[in-house]
Structures are given as C-alpha cells and as structure tokens.
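Numbered continuously in our numbering, the sequence shown closes out at residue 251.
Computed list of lysine-lysine pairs in BS3-like fashion (alpha-carbon distance at most 25 Å, straight line): (1) Lys201 with Lys238; (2) Lys44 with Lys160; (3) Lys188 with Lys101; (4) Lys24 with Lys190.
Distance ranges between label pairs, derived from CB positions: (5) Asp146 with Arg72: 27 to 35 Å; (6) Pro127 with Lys24: 32 to 40 Å; (7) Thr242 with Ala210: 16 to 24 Å.
It is worth saying that the hints were derived from the structure and are not from the lab.
This structure is a prediction, so every number in the text was calculated from the model and none was measured.
The beta carbon of each residue, even a glycine, is placed where N, CA and C say it ideally should be.
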Amino acid sequence: MRKILMKSRHGLLLALLCLSVSALQAQVKNIVLVHGSFANGSGWEGVYKALVKKGYNVSVATNPNLGFEGDVAAVMRTIDRIEGPVLLVGHSYGGAVVTEAGNHEKVKGLVYVDAFVPAEGETLAQLLQSGPPNPDFSVLPPDANGFVWFDRARYHANFCADLSKELAAFMADSQIPINGAAFGASVKQAAWKSKKSRYVVGTEDKTIVPDGQRAMAKRAGATITELKGSHCVFISKPVEVAKVIETAAAALKVIC
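The whole structure should be built from the sequences, with the hints applied where relevant.
The following block contains the structure:
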C-alpha cells in the first residue's frame, strides 16, 4: 500500500510540474508591422484590424527610408517601447530591415511578405541582380537628391495591380521614396539564421518576382504560404496575410 501511495504522489507531483511548465508558456501577442519603400504604414490597416480583432497588440513601425541603418534603428525604437516578446513582420524593403532589427532580444520570430531576405554582407542591389530577370521593374534612377521613386505611370500595373485604380493613384502620390544608398547597404547579422520565419509569396508580384521570393524564403528555411496577389497582397488580402501572422505567433511559445 505504501509503495502504491508513493507512486501516486510521484505521479501527482509530475503532473503538477508539467502543468506549471505549461502555465509558464505563453503565445506571442505583440506584432510589429514594417512597411517597405514606395508605400507607407497605412497599407497595413487591414492586417492591423484583423489582428487587433483577434486580441493581438499591434504596432506599425514608421520606416523613414532615409538609410538602412537609420531605418533599422527606427524599428528598434518601436520594439523598445513594447513589453514582452515580439513577432516582427516586414514587407518588401522592410524585409531587409527586419532581418537586421530581428536580432533585438525581444523578437522571437519573423514574417516576410513579398520581401527581401538578405544574408550577412549581402546588399539589395546584389539580390536584385542575382535573381531572375524582371521585365516589369519600374523603379526610377536616383533623383538629384539621391532618392529612388517608383514610376508613377507604372505604379498600378506593376506595384498593386489587384487594388482599385483610385487607391493605386493615392498610393503612388503618397509613396515614400527610398534613399538610393540603401541598395548598397548590407546586413551585419541575419536574424532568420537563429529565429523561426515564415514567408508570404504574392504569386503575381511584378516588383520582386515570385521565383526570387521563393529562393530567398527557401534559403532562410522559412515556411512558405503562396497567395494570389500583387506586390501589395497584404493590402488586397489582409485577412489571409493576418492568418499567416497568427499562425506564426501561435507557433512561438515562450517562457514567461
């Protein structure tokens, strides 16, 4: 009888220990969204609303596009203000930014949406040149101030063809250009090498060709989701993109 009681107590203690560990595990609830060039943070509105509705704490980082190091610093400042672990999401050029900013100790995972995923020492210019040729590339040469703009005449067709003509016109006229020097800047430490990542491929993207996206995502070991959409699939399909982000967050169990 004594042996039976001892075994029973041992089993109970083990069960309580397992429950305690489980209770200490928590899902990541903080999401930081980072926009790329030729757009702005307002494009994340649909994704933002879908995630907030599900109970997530969502921040949209202001990315000034004035230079790679400064853009990374801007995202880092947003992360600094948040309490608890963070899932970092980047679109387009924002993918390069989160690849570096993702080394912040609060960041537990990454999501890339139609985005660049550079490795250490790799520049955006190198990625553009090494990938499949893009006949629809519509980025203009740097202007007199060194800033690069997306050709307004081709903005709708080649940047956001799945959005309305009216919205595309507004986005083209409110685009944030990028300092041309950013194309020559390189990542010092790629966060995807040590943190889980997911990637959303817009299968009709004419800015970063889908095959190039798949190659970068595969190299990073990212779980890939393909959605029919343009370079702005996060605007045209916000619920679907938010679902990928939710799935990524759910997979990041952290000890609290």
